[in-house]
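J.: Given these sequences and hints, build the entire structure.
Protein chains in written order, with the numbering used here: chain A, 1 to 193; chain B, 194 to 387.
FYI, nobody ran anything at the bench for these hints, they're computed from the structure.
Please note that the accuracy of each hint is not assured.
So the derived label-pair ranges between C-beta atoms look like this [claimed, not checked]: (1) Pro218(B) with Tyr45(A): 34 to 40 Å; (2) Ala242(B) with Arg23(A): 34 to 40 Å; (3) Gln322(B) with Gly72(A): 29 to 35 Å; (4) Gly180(A) with Arg214(B): 34 to 40 Å.
Residues on chain B that point at chain A, a partial pick, calculated with CB under 7 Å [unchecked claim]: (5) Ile198; (6) Met212; (7) Arg214; (8) Glu215; (9) Glu286; (10) Glu344; (11) Asn348.
Some chain A residues flagged as far from chain B (calculated, every beta-carbon gap over 12 Å) [claimed, not checked]: (12) His99; (13) Tyr104; (14) Val123.
Where is the CB? At the ideal position from N, CA and C, for every residue including glycine.
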Amino acid sequence: MPEVVLRKQQIVVEEIFHEGGPRADTPLRRAAMISVVRNPFAGRYEPEIAGFMEDLKPLGLDMARRLIAALGGREAVEGYGKGAIVGEAGEIEHGALWHVPGGYAMREVLGGARAIVPSTKKVGAAGARLDVPVTHINASYVRSHFDAMEVGINDAPRPDEMALVLVMTTGPRIHERVGGLKASEIKGEDGLR
Amino acid sequence: MKADIRKIVVVMDETHREMGREIAPPTRRAAAVAVIANPFAGRYVEDLAELMDIGAELGGLLGRRAVAALGIEPGQAQSYGKAAMVGENGELEHAAAILHPKLGAPLRAAVEKGAALVPSSKKMGGPGQPLDIPLGHKDAAYVRSHFDGMEVRVNDAPRANEIMVAVAVTDSGRPLARVGGLTVSEIKGEDGLR
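T.: Rendered as structure tokens:
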């Protein structure tokens with residue numbers, strides 16, 4: 001399978017102190033990392049693409065490690081999500097190549113996180129924004145941790161590129177108060193509750 | 194802290210390739226953005242001193258955050274810039290009060306030296322709007338390889354009663370600079386221009 005040709009990377013860290021309510025003792029932090037890589041299948045229909053997932057694994061692991069470092073260590077991470085924007089000479093299926101190398105990289109580096117990694121993807125032009133969904137790393141139903149982070153790069157993806165995204169967060173929404181399963185009630189067996 | 198900071202966003206980008214050419218080491222830029230309450234939203238206030246003091250606080254805070262995101266020593270910073278976007282209940286002059294009187298000195302301390310004018314831009318805007326921060330070499334404004342800009346945006350800011358304040362710092366120029374002009378090696382660094 002083709003090599004991974006990296007053009008550009010961006011890492012964004014948000015610290016949220018309040019949103020009009022009481023100032024949090026510990027601000028919520030959300031971090032995203034985007035890698036802009038060449039889409040080796042751009043411009044044609046290629047029946048066999050799945051092998052590229054294996055090639056993307058080292059990139060996924062590197063991005064997961066850098067996000068954890070940006071948030072101050074594995075113990076700090078409570079939520080995650082992933083996504084991809086495929087440049088217009090590619091197809092949505094190319095974005096689906098990121099599910100395995102992106103998702104399992106985060107779960108592995110976080111020490112076996114149990115919940116499915118929520119995701120979204122689309123075909124878009126340079127500057128397209130992607131709202132990456134976020135849920136709790138061990139139990140998808142934890143309502144306080146349902147969140148999302150908007151990401152994008154003004155000059156990517158070009159038509160023959162893909163922007164691959166991972167997101168991690170350190171806790172619940174800053175003023176979470178709509179009930180549901182709490183992080184303290186997680187059983188952590190099935191990845192859901 | 195005089196400023197009521199709702200959120201801080203730090204962005205760092207690295208360019209590894211451009212037009213098929215490897216950029217080694219990658220060029221890197223960082224921007225730190227603070228979203229603050231506008232103390233003068235919705236009314237005309239003659240004396241803008243409070244915003245000037247907020248500018249001084251943010252110049253140091255955001256300058257240090259951007260340098261930290263690059264993982265460099267302050268003296269390794271090469272270019273810088275600043276910008277502000279004022280939510281709709283404010284006025285453009287609020288951006289000027291933050292950016293111009295007092296923000297520069299603490300920013301220069303964060304990047305060491307900084308003989309050159311800090312290039313700036315400002316606008317009124319709403320949540321999610323892009324803000325383009327101009328960039329220029331910190332010790333010699335005429336260094337052509339370092340004229341650049343960095344776009345930042347925060348999807349939920351600035352709200353109507355907020356101001357978004359941004360500082361950008363780099364450790365490099367454009368990825369494939371080749372339009373001539375004054376080069377880094379020719380900097381005298383005395384007058385801030387050359």
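J.: In ascending order, which of the hints set out earlier in this document are inconsistent with the structure?
T.: 2, 4, 6, 7, 8, 9
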